[in-house]
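J.: Sequence:
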Amino acid sequence: MLLRLEGFYQCLMGIWRVFIVQIASLPFVQILTLLASMSIVEQLKFL
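Note that the sequence shown covers residues 1 to 47 in the UniProt record's numbering.
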């Protein structure tokens with residue numbers, strides 16, 4: 001039982017690590033999309 005729990009924990013930590021790496025690389029994409037959507041909104045305002 002304890003061994004199975006250990007394996008589950010290891011799996012969870014692996015997934016979490018991948019998740020953190022994904023989030024770490026995300027802000028750049030998020031900022032770019034935010035700027036793009038903001039510029040689109042500005043263009044719509046001028047129309």
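By construction, these hints were calculated from the structure, which means they are not laboratory data. Source: prediction; values computed, not measured. Among the clues, some could well be false.
[Unchecked claim] Lysine to any residue pairs mimicking SDA-like chemistry, simulated, CA-CA at most 25 angstroms apart: (1) 45 with 32; (2) 45 with 30; (3) 45 with 34; (4) 45 with 33; (5) 45 with 31; (6) 45 with 35.
[What the hints assert, rightly or not] Computed beta-carbon distance windows for the label pairs: (7) 42 with 2: 53 to 63 angstroms; (8) 4 with 39: 49 to 59 angstroms; (9) 13 with 45: 40 to 50 angstroms; (10) 43 with 4: 27 to 37 angstroms; (11) 2 with 41: 51 to 61 angstroms; (12) 3 with 43: 35 to 45 angstroms.
Yeah, the Cβ is synthetic: ideal placement off N, Cα and C, and Gly gets one too.
J.: Compare the distance between the alpha carbons of residue 45 and residue 33 with 25 angstroms, and conclude whether the hinted pair is satisfied.
T.: holds, 18 angstroms
J.: Against the 25 angstroms threshold, does the CA-CA distance of residue 45 and residue 32 hold or violate the hint?
T.: Holds, because 20 angstroms separates the two Cα atoms, which is no more than 25 angstroms.
J.: Can you confirm whether the C-alpha distance between residue 45 and residue 34 stays at or below 25 angstroms?
T.: holds, 16 angstroms
J.: Is 53 to 63 angstroms respected by the C-beta to C-beta distance linking residue 42 and residue 2?
T.: Holds, since residue 42 and residue 2 (Cβ atoms, about 58 angstroms apart) stay within the stated range.
J.: Can the suggested window of 35 to 45 angstroms be confirmed for the beta-carbon pair residue 3 and residue 43?
T.: violated, 59 angstroms
J.: For the hint 40 to 50 angstroms, verify it against the beta carbon of residue 13 and that of residue 45.
T.: Check passed, 47 angstroms falls within 40 to 50 angstroms.
J.: Starting from the hint 51 to 61 angstroms, judge whether the C-beta atoms of residue 2 and residue 41 obey it.
T.: Because 55 angstroms falls inside the window, the suggested range holds.
J.: Below or equal to 25 angstroms on CA atoms is what counts here, so check residue 45 against residue 31.
T.: holds, 21 angstroms
J.: With a cut-off of 25 angstroms on the C-alpha distance, tell me whether residue 45 and residue 35 pass.
T.: Measuring from Cα to Cα gives roughly 15 angstroms; hence the hint holds.
J.: Return holds or violated for the Cβ distance of residue 43 and residue 4 against the range 27 to 37 angstroms.
T.: Once the Cβ atoms are compared, 56 angstroms apart, the range 27 to 37 angstroms for residue 4 and residue 43 is violated.
J.: Note whether the CB distance of residue 4 and residue 39 lies within 49 to 59 angstroms or breaks it.
T.: holds, 52 angstroms
J.: Next pair to validate is residue 45 with residue 30; report whether the Cα-Cα distance is within 25 angstroms.
T.: holds, 22 angstroms
The structure shown violates the earlier hints numbered 10, 12.
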